[in-house]
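Novice: Top to bottom, those sequences are chains A and B.
For reference, each letter of the first sequence is one residue, going 539 to 814 in the working numbering.
For reference, each letter of the second sequence is one residue, going 10 to 130 in the working numbering.
Hints in this document: simulated from the structure, not taken from any laboratory.
Since we're looking at a predicted model, the values are computed, not measured.
Don't be surprised by glycine CBs; every beta carbon is placed ideally from N, CA and C.
Treat each hint with caution, since some may be false.
[Unchecked claim] Cβ pair distances, simulated, as ranges:
#: 1; chain 1: A; residue 1: R599; chain 2: B; residue 2: K28; range: 42 to 52 Å
#: 2; chain 1: A; residue 1: R726; chain 2: B; residue 2: E121; range: 26 to 36 Å
#: 3; chain 1: A; residue 1: S795; chain 2: B; residue 2: P114; range: 24 to 34 Å
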Amino acid sequence: MSALPSNKFDFLCQDVRKRSGLVLGQEKAYLIDSRLGPLARKEGFASVEALVDAMMRGDHRLCVAASEALATHETFFFRDKTPFDLFENVIAPSLKSTRMGRQLKIWCAAASSGQEPYSLGMLLDEIPGLSADILATDMSAPVLEKAKAGIYTQFEVQRGLPIQRLVKHFDQVGDSWRIKPQLRQKVRFEQANLLDDFARYGKMDVIFCRNVLIYFDIQTKAKVLDRLAAQLADDGFLLLGAAETVVGLTDSLRPISGHRGLYAKPAMAAKLASAA
Amino acid sequence: MKTCLVVDDSRVIRKVARKIVEDLGFACEEAADGQQALDFCKKTMPDAVLLDWNMPVMNGLDFLIKLREEPNGKKPVVVFCTTENDMAHITQALRAGADEYVMKPFDGDIIESKFAETGLV
Ligand SMILES: C[S@@+](CC[C@H](N)C(=O)[O-])C[C@H]1O[C@@H](n2cnc3c(N)ncnc32)[C@H](O)[C@@H]1O
């Protein structure tokens, strides 16, 4: 339990929800101390409560930092494996035939520290005849810094990353491992909040938006999904996390039967179903 | 049941590794150096070998090279598990026929993900 008085707890929940979509229910109150404690100390506050007081006085920078600190940034290379198998076996063959050598536009919409877009970059390197422009965005500046640097610990490169790919795509720097420049150059990182307008990115052939909607309330999930659909090419694909779905949230996207986590616009989903 | 041979000169590491591979559903056998491991494999080829590098009598790399020359010696999936965590050692191990490579310290999740990578689990 957080020791915050209820008016401060309520302020924090509302502020974080407004900024990032994250729903911080009573059952998640334990996160407040474990995730805001380090921020409070770093900023020189005696307690989390003192930090929240400063946020309530309107310190915008601290509010942003608190939202970033409260988000879950957990990720790893080739996480869940299935989405990457789907990319190789379903998405790539489908788009290859229609794109005729044009670069695919791929967007990782909650890329965290970069493991997801870099995994895609490694995979693309192994698929002949297909190249892509990979855009990776996240609302959090610190994780984007890490993503751009492309430097990972020994522990991070051992979760989900086959050794052959480590050898091929990383340089060893002291105790760490750094993504080789060729791969780093394939991914563009930008700071972007899913709650804000993202039409400027143009139509995407493939959108990875995994393990972020799960933290939002139903209305926010529905709105973001509708806007992602508007951003998707008519024959494009959306991938969500294992615990996420479009079902019951939007009519602009449909699950593709037999392929867990894979979604498309209704006409495309119907076409794939009849081809199967 | 699939068999995993754990090769390490440290009893403590063997015990930790045994727990992990048994939890993954393997029958576990142990060897304290490369020669013991080779003798074991000549009798019964395991499905998997979790292999340390630096050991007395015969080291992990020499064992691996000899194993791959044995009849049926290509069958076991060999996962190095060692404190030798630099690129030169890794590429040397891969050239000698290792399937995966774990840098110590390791935990159950890492072994599981490496075993999954090679189709063992
Ligand atoms: C759990 S990570 C998922 C990383 C990766 N997609 C994966 O599945 O491994 C969730 C990320 O979403 C980001 N995030 C949370 N709310 C966001 C928002 N409103 N807009 C953009 N990114 C957000 C967080 O900063 C965090 O890095």
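Novice: Determine for every hint whether it applies to the structure shown.
Specialist: Against the structure, the hints come out as follows:
1. The hinted window of 42 to 52 Å between A:R599 and B:K28 holds, with their beta carbons roughly 47 Å apart.
2. Between A:R726 and B:E121 the beta carbon distance is about 33 Å. The supplied range of 26 to 36 Å therefore holds.
3. Checking the proposed 24 to 34 Å range against A:S795 and B:P114 shows it is violated: the Cβ atoms sit about 43 Å from each other.
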